[in-house]
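Asks: Protein chains in written order, with the working numbering: chain A, 781 to 954; chain B, 781 to 954; chain C, 781 to 954.
Please keep in mind that the hints were generated in silico from the structure rather than gathered at the bench. In this text the structure is predicted, and so the values were computed from the model without any measurement. Keep in mind that a hint or two might mislead.
The list cannot tell twin chains apart, which means a pair is met if one copy fits it or any two copies do.
Below 27 angstroms or equal to it, Euclidean Cα-Cα: the simulated DSSO-like pairs (lysine-lysine) are [to be verified]:
{"hint": "1", "residue 1": "802", "residue 2": "840"}
{"hint": "2", "residue 1": "802", "residue 2": "869"}
{"hint": "3", "residue 1": "802", "residue 2": "836"}
{"hint": "4", "residue 1": "802", "residue 2": "838"}
{"hint": "5", "residue 1": "869", "residue 2": "836"}
{"hint": "6", "residue 1": "836", "residue 2": "794"}
{"hint": "7", "residue 1": "828", "residue 2": "794"}
{"hint": "8", "residue 1": "838", "residue 2": "869"}
{"hint": "9", "residue 1": "869", "residue 2": "840"}
{"hint": "10", "residue 1": "838", "residue 2": "794"}
{"hint": "11", "residue 1": "869", "residue 2": "794"}
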Amino acid sequence: MKNNKQRFGAQELKYDLVELFKSESNNSSTLALHFDTEEINQFCDFTKAVLAIVAKSKIKHGSVTLFTPHTTTALIINESETGYINDFKNRIEQLVPSDSYYEHDDWDIRTENMQEDENVNGRSHVRSSIVGSTSITLPIINSELIIGRWQRLFFVELDCARSRRLFVQTLDLN
Amino acid sequence: MKNNKQRFGAQELKYDLVELFKSESNNSSTLALHFDTEEINQFCDFTKAVLAIVAKSKIKHGSVTLFTPHTTTALIINESETGYINDFKNRIEQLVPSDSYYEHDDWDIRTENMQEDENVNGRSHVRSSIVGSTSITLPIINSELIIGRWQRLFFVELDCARSRRLFVQTLDLN
Amino acid sequence: MKNNKQRFGAQELKYDLVELFKSESNNSSTLALHFDTEEINQFCDFTKAVLAIVAKSKIKHGSVTLFTPHTTTALIINESETGYINDFKNRIEQLVPSDSYYEHDDWDIRTENMQEDENVNGRSHVRSSIVGSTSITLPIINSELIIGRWQRLFFVELDCARSRRLFVQTLDLN
């Protein structure tokens, strides 16, 4: 029976693009994408966005570095296939379960960084640390981003729906 | 009883080296190593290859970035000791077991990216995402790669034997 | 009952700062921090140290790359909150348990890299590989390090108390 389950794969979110800095002597630049994630474990596909930044940069030879400024997210490069994404979600739930005790969420003993709107997100911090990709660097050759046939650039939301940013820095080596 | 088990440590594979780009104004360059892995969980040691690229680059001060364009591999820097490598293999098998269900491998429901020669590699995609190293950057100081006494640069095959590439980009900071 | 447990959060260790190289043509430079960790799973907070290096570098637009030359450590960017740090310690102990068998520690069969002062640290090598952050790159914009509100730069000791180094390379893009 094909397609007997609803399929939730990666999404391409709407984003605002902000140019933060441009080099005076070469084509290096740094930009930020601003966007709103929609749910826990959302795989946000920014491949097209980064390809467009590389094309516009006019860099022939160099690199792109992605950086997330958040503590409950991950940058993952993998295949945009719904089954894989569900496999990842299931596995991270088994490795760092939602129904475990997290001291980060225990306001009877916590004393640091408490916010009015604090999420129950102890699992999200630990998941982010285990997955462990805060930055990734990819080469640019002959004005093209080096990215494998099946690779897509995912910003993965490990917390709930939130306003997020992704920094993209292009480096001109010529 | 010493050596009562056969030891399978890291391997140095044969590779073809392709120079892809060289900067016009400095010693930065980007190369690709092409090679064939031989089995799942093979630790392919490219330390000597990268040291040779750094030596040939004539870069006095800069960095090297390694990048894998694949979705079922990992870059790991660790010790070249057979026991550690076996420990890693055992642990990744326990954390992301081969005998679990992977939706990526379920052709009754899968609809995306299906290939004639598709491997059963759902576990490999998830393992790659959990280990999570698509790129690594190491400094070059006084024309030498900064690499710890026990560190070796491993390209780790998390799928079966396949044709693979590793990108190596040198960056000249002088 | 608030504060009924003793709290062990991140520590700012004393360190020696060594400047290794400075570019002749721009403000790029590479430095090393030398320090002694104090116990397993210590989260060593070097945020202030890196902020000071960026400020002193005079770089307006560029990046900072952190690199650990060790095989039993990890670089983690996350929140400096004691509960989260304890949650991470508990989870890594469950995922890669201390009381499992590690072939790396089995001197009846081990034949490679044996040292007089070798630690029993098989678990530490595997934990380092799973957490998997040997290098991280952060952008610099308008002379300021881009680091999220809750992000802190941790060098995490996954072995016992040891002498350690952290490399910090600033890259000037202007």
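Asks: Each of the hints needs a verdict: does it hold here or not?
Replies: Here is what the structure says about each hint:
no.: 1; hint: 802 / 840; in the structure: both (16 angstroms within a copy, 11 angstroms between copies)
no.: 2; hint: 802 / 869; in the structure: neither (38 angstroms within a copy, 41 angstroms between copies)
no.: 3; hint: 802 / 836; in the structure: both (12 angstroms within a copy, 21 angstroms between copies)
no.: 4; hint: 802 / 838; in the structure: both (12 angstroms within a copy, 17 angstroms between copies)
no.: 5; hint: 869 / 836; in the structure: neither (34 angstroms within a copy, 43 angstroms between copies)
no.: 6; hint: 836 / 794; in the structure: within (19 angstroms within a copy, 38 angstroms between copies)
no.: 7; hint: 828 / 794; in the structure: within (12 angstroms within a copy, 35 angstroms between copies)
no.: 8; hint: 838 / 869; in the structure: neither (37 angstroms within a copy, 43 angstroms between copies)
no.: 9; hint: 869 / 840; in the structure: neither (37 angstroms within a copy, 40 angstroms between copies)
no.: 10; hint: 838 / 794; in the structure: within (24 angstroms within a copy, 35 angstroms between copies)
no.: 11; hint: 869 / 794; in the structure: within (23 angstroms within a copy, 37 angstroms between copies)
Consistency note: the structure conflicts with the earlier hints numbered 2, 5, 8, 9.
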